[in-house]
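Please take these sequences and the hints and turn them into a complete structure.
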Amino acid sequence: ALNIKQFVNTTDPIWTYNSTENTTILCKVDQIRDLQEQSYLFNRSFYAGYLNWTTLNAEGTFNVGDPAELNVNLQDTSPGYKYKETLLYTDNYNSCAIVRIEPTASDGAEWYEHLVKNSSITKRKNKDCINFFKNITSKGRKVYRSRCLHMLSVGNATFSRWELH
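Counting in the working numbering, the sequence shown runs from 2 upward without gaps.
A couple of the hints might just be wrong.
Label-pair distances were calculated between CB atoms; the ranges are [as the list claims (entries may be wrong)]:
#1 89 <-> 120: 17 to 23 Å
#2 93 <-> 56: 28 to 34 Å
#3 142 <-> 89: 16 to 22 Å
#4 125 <-> 10: 20 to 26 Å
#5 13 <-> 110: 28 to 34 Å
#6 77 <-> 137: 28 to 34 Å
Taking lysine-lysine and the DSBU-like style, the derived pairs with C-alpha atoms no more than 30 Å apart in a straight line are [claimed, not checked]:
#7 140 <-> 6
#8 118 <-> 6
#9 85 <-> 124
#10 135 <-> 124
Derived from the structure by calculation, the hints contain no laboratory data. As the structure is a prediction and not an experimental result, all values here were calculated from the model. We put the beta carbon where it would ideally sit given N, CA and C, even for glycine.
If you want it as structure tokens, here you go:
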């Protein structure tokens, strides 16, 4: 059975590699703060353009009835942004995953994300996840760039857009 807690239970940063979300953000990454039986606290960082590296507090709650599901509340956004994240696939190494994301508070459309753990982002282990992602959607844009690794290490620095291509 698919278990999202097993996937996120890591100190390894988790990157959004590819996404069908209608957005222009780059370098989206989740980093664990704390994991309990029912809850998962993490920081979500991303580059929103205008030299803006943003980090939000996020709080996830596991669904006892369905281990593939995580309900997320993104703080620091008004109103608090809530959505459900469902694990659809993970590779044998647990190094990458495909998730479906459904906003719960708004009428927003659902989207899909291909997630990759930091320790595998430069390796070619990703093939199975890439294929799964291609099978469920023909669109998708690469949110990850190799420059993102640098941004993760320097944290809240400013970058111009061209540095990311």
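Exercise for review: Mind checking the hinted window 16 to 22 Å against the Cβ distance between residue 142 and residue 89?
Suggested key: holds, 19 Å
Check your understanding: Holds or violated: 28 to 34 Å for the Cβ distance of residue 93 and residue 56?
Key -> Holds - the Cβ-Cβ distance for residue 93 and residue 56, about 31 Å, lies within 28 to 34 Å.
Exercise for review: Given the hint that residue 85 pairs with residue 124, test it: the Cα-Cα distance must not exceed 30 Å.
Suggested key: holds, 29 Å
Practice item. Kindly confirm whether 20 to 26 Å is satisfied by the beta carbon distance between residue 125 and residue 10. Key: At 24 Å between Cβs, range holds.
Practice item. Indicate whether the distance between the beta carbons of residue 13 and residue 110 respects the range 28 to 34 Å. Key: Between residue 13 and residue 110, where Cβ atoms are some 29 Å apart, the hint holds.
**Study point:** Holds or violated: residue 140 to residue 6, with C-alpha atoms at most 30 Å apart
**Key:** Roughly 27 Å separates the two Cα atoms, so the pair holds.
Practice item. Take a look at whether the Cβ-Cβ distance between residue 77 and residue 137 falls inside 28 to 34 Å. Key: 31 Å Cβ-Cβ, so the 28 to 34 Å window holds.
Check your understanding: residue 118 and residue 6: Cα distance at most 30 Å?
Key -> At roughly 14 Å apart (the allowed maximum being 30 Å), residue 6 and residue 118 satisfy the hint.
Practice item. Could you see if the CB distance from residue 89 to residue 120 stays within 17 to 23 Å? Key: holds, 22 Å
Practice item. With a cut-off of 30 Å on the C-alpha distance, tell me whether residue 135 and residue 124 pass. Key: Since the Cα atoms of residue 135 and residue 124 sit roughly 19 Å apart, the hinted pair holds (cutoff 30 Å).
Of the numbered hints stated above, none is contradicted by the structure.
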